[in-house]
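Sequence lines, in order, name chains A and B.
Last residue of the first sequence: number 156 in the working numbering, and the count goes up by one each step with no gaps.
Last residue of the second sequence: number 594 in the working numbering, and the count goes up by one each step with no gaps.
Calculated from the structure, these hints are not laboratory results.
Accuracy of the hints is not assured; some may be wrong.
What the hints assert, rightly or not - Here are the computed distance ranges between Cβ atoms for each label pair:
no., chain 1, residue 1, chain 2, residue 2, range
1, A, E146, B, S127, 25 to 35 Å
2, B, Y125, A, S37, 34 to 44 Å
3, B, A506, A, E6, 57 to 67 Å
4, B, E117, A, K138, 48 to 58 Å
5, A, S37, B, K75, 27 to 37 Å
6, B, H323, A, K38, 43 to 53 Å
For every residue, glycine included, the Cβ atom is placed at its ideal position computed from N, Cα and C.
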Amino acid sequence: MTKTNELVKKLVEEHGVARESLLPVLQGIVKEERYLSKEAMRDVAEQLDISAAEVYGTASFFSFLDTEEKGKYIIRVCKSITCDMKGKCELVRTMEDILKIKVGQTTVGKRFSLLETNCIGLCDQGPAMLINDDYYTKLTPVKVREILGDLIRKTS
Amino acid sequence: MTNITLKIDNVDVTVEKGTSILDAAKKVDIRIPTLCHHEDLCIAGNCRICVVEQIGKHTLTASCATPAEDGMEIKTSSPKIRKARKDIMSLLVSEHNTQCTTCYRSTNCELQDLAAEYNIDNETYLSVLKPNLEIDKSSWSIEKDDSKCIRCQRCVRTCADIQGVNALAVTEKGNEMRVSTFMHLTMNEIVCTNCGQCITHCPTGALTERRYYDEIWDAIDDPDKHVVVNTAPSVRVALGEMFGYEVGTQVTGQMVTALKKMGFDAVLDTDFAADLTIIEEGHELLARLKAALVDKDPNIKLPMITSCSPGWVKFIEHMYPNHLGHLSTCKSPQQMFGAAVKTYYAEKKGIDPSKIVCVAGMPCAAKKYEANRPEMRSSGYQDIDAGLTTREIGHMIKQSGLDFKDLENGEFDSLMGESTGAGVIFGATGGVMEAALRTVYAVITGRPVPFERLNITPVRGLKGIKEAGIKFENCLPEYSWLEGVEAKVAIAHGLTNARVIMDEVAAGTSPYHFIEIMACPGGCIGGGGQPIPTTDAVRIKRTEAIYKEDMEKPIRMSHENPEITEIYEKFLKAPLGEKSHKLLHTKYRTRKRY
Ligand code: SF4
Ligand code: SF4
Ligand code: SF4
Ligand code: FES
Ligand code: FES
Numbered sequence: 001m002t003k004t005n006e007l008v009k010k011l012v013e014e015h016g017v018a019r020e021s022l023l024p025v026l027q028g029i030v031k032e033e034r035y036l037s038k039e040a041m042r043d044v045a046e047q048l049d050i051s052a053a054e055v056y057g058t059a060s061f062f063s064f065l066d067t068e069e070k071g072k073y074i075i076r077v078c079k080s081i082t083c084d085m086k087g088k089c090e091l092v093r094t095m096e097d098i099l100k101i102k103v104g105q106t107t108v109g110k111r112f113s114l115l116e117t118n119c120i121g122l123c124d125q126g127p128a129m130l131i132n133d134d135y136y137t138k139l140t141p142v143k144v145r146e147i148l149g150d151l152i153r154k155t156s
Numbered sequence: 001m002t003n004i005t006l007k008i009d010n011v012d013v014t015v016e017k018g019t020s021i022l023d024a025a026k027k028v029d030i031r032i033p034t035l036c037h038h039e040d041l042c043i044a045g046n047c048r049i050c051v052v053e054q055i056g057k058h059t060l061t062a063s064c065a066t067p068a069e070d071g072m073e074i075k076t077s078s079p080k081i082r083k084a085r086k087d088i089m090s091l092l093v094s095e096h097n098t099q100c101t102t103c104y105r106s107t108n109c110e111l112q113d114l115a116a117e118y119n120i121d122n123e124t125y126l127s128v129l130k131p132n133l134e135i136d137k138s139s140w141s142i143e144k145d146d147s148k149c150i151r152c153q154r155c156v157r158t159c160a161d162i163q164g165v166n167a168l169a170v171t172e173k174g175n176e177m178r179v180s181t182f183m184h185l186t187m188n189e190i191v192c193t194n195c196g197q198c199i200t201h202c203p204t205g206a207l208t209e210r211r212y213y214d215e216i217w218d219a220i221d222d223p224d225k226h227v228v229v230n231t232a233p234s235v236r237v238a239l240g241e242m243f244g245y246e247v248g249t250q251v252t253g254q255m256v257t258a259l260k261k262m263g264f265d266a267v268l269d270t271d272f273a274a275d276l277t278i279i280e281e282g283h284e285l286l287a288r289l290k291a292a293l294v295d296k297d298p299n300i301k302l303p304m305i306t307s308c309s310p311g312w313v314k315f316i317e318h319m320y321p322n323h324l325g326h327l328s329t330c331k332s333p334q335q336m337f338g339a340a341v342k343t344y345y346a347e348k349k350g351i352d353p354s355k356i357v358c359v360a361g362m363p364c365a366a367k368k369y370e371a372n373r374p375e376m377r378s379s380g381y382q383d384i385d386a387g388l389t390t391r392e393i394g395h396m397i398k399q400s401g402l403d404f405k406d407l408e409n410g411e412f413d414s415l416m417g418e419s420t421g422a423g424v425i426f427g428a429t430g431g432v433m434e435a436a437l438r439t440v441y442a443v444i445t446g447r448p449v450p451f452e453r454l455n456i457t458p459v460r461g462l463k464g465i466k467e468a469g470i471k472f473e474n475c476l477p478e479y480s481w482l483e484g485v486e487a488k489v490a491i492a493h494g495l496t497n498a499r500v501i502m503d504e505v506a507a508g509t510s511p512y513h514f515i516e517i518m519a520c521p522g523g524c525i526g527g528g529g530q531p532i533p534t535t536d537a538v539r540i541k542r543t544e545a546i547y548k549e550d551m552e553k554p555i556r557m558s559h560e561n562p563e564i565t566e567i568y569e570k571f572l573k574a575p576l577g578e579k580s581h582k583l584l585h586t587k588y589r590t591r592k593r594y
């Protein structure tokens with residue numbers, strides 16, 4: 001049994017095999033492995049006895065359930081209208097510059113992924129972004145440099 | 001049951017509570033356009049083309065998804081409705097690869113019909129068709145062209161509700177939303193039975209069968225090739241629909257003439273191979289029963305389950321790989337036919353089998369894939385070179401310029417062209433069972449089955465799972481071990497029903513001796529290669545035509561077919577014999593379920 005097999009088994013034991021366990025199980029995998037591998041999705045299908053296509057359909061619907069391998073830090077910059085008008089493009093450019101990747105990409109060492117997301121409910125404090133589960137508000141290029149700088153130091 | 005009354009376009013309609021506005025309108029012959037709605041499927045309510053106006057309500061209502069209520073007043077036609085529908089059509093077309101001139105579904109497309117009806121223009125919404133959408137031609141059976149998909153999800157619901165396979169799913173969201181597969185794998189890489197039900201339920205050209213008719217035309221044109229065609233029983237009761245005949249018209253004779261005029265060197269009958277299947281499968285059943293009842297052999301698998309539906313065979317290989325021993329080892333009639341053509345027929349006619357091209361005209365999409373299974377080369381060549389659907393045959397007849405309605409009735413060619421009523425009813429759910437029982441009962445007792453005019457009615461009809469029992473009494477001496485035994489049989493059609501039957505088999509609680517399973521609802525008459533649309537009303541009419549053809553046949557039991565007697569005398573020698581084993585039986589393989 002691989003690590004993923006074991007994780008899926010544990011999660012299914014915890015949540016049960018009913019169809020409505022699909023989402024919590026997928027969330028549990030993402031929490032541990034940061035994304036849903038092909039293997040993990042097939043495994044979930046088998047454990048819940050539903051088709052792999054159904055698992056993928058659900059997984060691909062939710063922005064926070066990634067089906068491609070992502071970095072340790074997943075940055076999600078809000079791209080909705082308020083944040084956009086408050087200068088989100090500038091933030092993205094700054095981060096692309098620091099990380100040397102484009103939106104949608106992951107750094108070579110799998111440390112950072114830079115993504116855009118729809119509104120995260122922080123419009124009054126925009127522009128806003130999430131790094132994993134933490135949110136950052138009222139961002140400016142300077143602030144973003146600081147935040148990323150801290151993380152880079154922490155992980156190198 | 002409560003009834004309610006509403007007014008639709010000023011006409012009073014009384015319907016049962018819970019009826020949709022759409023169905024209520026149908027009752028008084030008011031037509032409301034639909035796209036995502038299909039009467040075989042659960043309601044999706046996602047296309048909104050069926051909107052109507054409800055008096056007193058500000059917004060428009062989707063009539064397929066809204067139950068009629070007492071006292072409701074509905075308008076199905078008004079400037080507001082027409083504008084909304086036109087807008088919806090324009091939006092759909094703005095993201096559609098509208099290439100009707102090169103589209104296989106042209107003239108049989110619900111989107112095209114409605115676009116014409118609402119005479120939409122191309123100016124309101126500019127094209128937002130996604131670039132670089134490639135057609136998936138990976139499967140032997142199914143072609144998937146996302147550029148023609150209107151995301152109505154009829155295929156998704158078909159694969160889930162009717163077939164219980166869920167090979168297709170809605171993936172991503174918003175403007176990225178697609179109807180796709182696990183990780184967008186191609187159709188040949190996923191768990192798909194190739195049944196083609198998604199094709200017959202698709203309103204557009206997004207899902208079609210992979211077509212082979214150009215290759216067949218080339219073979220016909222090649223003077224070096226001897227091109228043989230055989231047609232399945234359910235083709236002849238549906239092909240007429242493509243030429244404007246009323247649903248349920250038998251066009252057997254005209255079909256034969258058309259195929260001959262098109263240049264096929266021989267027009268033979270798959271029904272002959274259906275009769276052959278009954279002989280082999282009947283004896284296999286008897287052998288299994290004897291081994292289980294007399295020899296008490298614990299390794300014998302009962303119930304035995306039919307194997308003539310290749311979609312069903314692939315389904316069990318994926319879903320119940322540990323229970324393949326229950327499948328009859330008999331090949332499907334199509335494959336028996338191919339193996340016999342390139343051996344027996346070639347020998348008798350003195351034709352080099354390498355020069356024979358064997359074409360099967362089928363109501364089926366899965367048979368295309370079955371013909372290409374590596375096991376299906378027991379003649380030393382690919383036994384069946386190509387499977388064509390009823391729709392493809394219709395297209396070929398049109399291409400050849402024949403006036404189908406004017407054709408005289410023709411007769412199948414000999415050697416493998418004779419068939420019985422038993423072979424004919426293979427086309428309908430319960431038919432294989434009935435044909436098998438007619439022969440098995442006669443073999444065991446020396447008398448015909450104890451049903452009026454041989455019609456075993458309990459196994460007929462569109463009920464999802466049917467059961468019957470038949471008791472063997474006054475058996476012939478060699479079958480005295482069956483004296484008083486009641487054979488319990490079941491019939492399932494549509495793979496969701498097959499799953500119910502198989503769960504019992506897997507749990508070891510199945511009470512039956514013999515089970516017939518067909519992948520498609522209604523059996524082959526409702527196959528994935530049949531003319532579109534197929535609904536229950538259509539299935540019933542095609543089925544009636546099948547049983548009518550059965551009644552018209554002078555011989556109605558497979559073992560009485562003179563050409564069957566001949567092939568055993570001159571070639572096969574005995575059922576389940578060495579030659580049969582090599583040519584007419586097969587093996588199965590396990591496949592992954594997820
Ligand atoms: S799917 Fe229908 S509307 Fe689209 S190109 Fe084909 S025939 Fe035309
Ligand atoms: S061919 Fe049958 S199993 Fe395959 S996707 Fe279509 S409906 Fe599903
Ligand atoms: S493939 Fe056909 S049935 Fe499926 S969603 Fe697209 S248009 Fe509808
Ligand atoms: S618009 Fe960015 S958080 Fe709502
Ligand atoms: S047909 Fe009613 S919403 Fe599509």
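Taking the Cβ atom of A/S37 and the Cβ atom of B/K75, is their distance within the range 27 to 37 Å? 53 Å, violated
CB of B/Y125 to CB of A/S37, is that within 34 to 44 Å? Between B/Y125 and A/S37, where Cβ atoms are some 39 Å apart, the hint holds.
Should the hint that B/H323 and A/K38 are 43 to 53 Å apart at their CB atoms be regarded as holding? 27 Å, violated
Consistency of beta-carbon spacing, A/K138 to B/E117, with hint 48 to 58 Å: Given about 54 Å between the Cβ atoms, the range holds.
A/E146 paired with B/S127, Cβ distance criterion 25 to 35 Å: Distance hint for A/E146, B/S127 is violated at roughly 46 Å.
Does the hinted range 57 to 67 Å hold for B/A506 and A/E6 at CB? About 27 Å separates the Cβ atoms of B/A506 and A/E6, which means 57 to 67 Å is violated.
Going through the hint list in order, the structure does not satisfy hints 1, 3, 5, 6.
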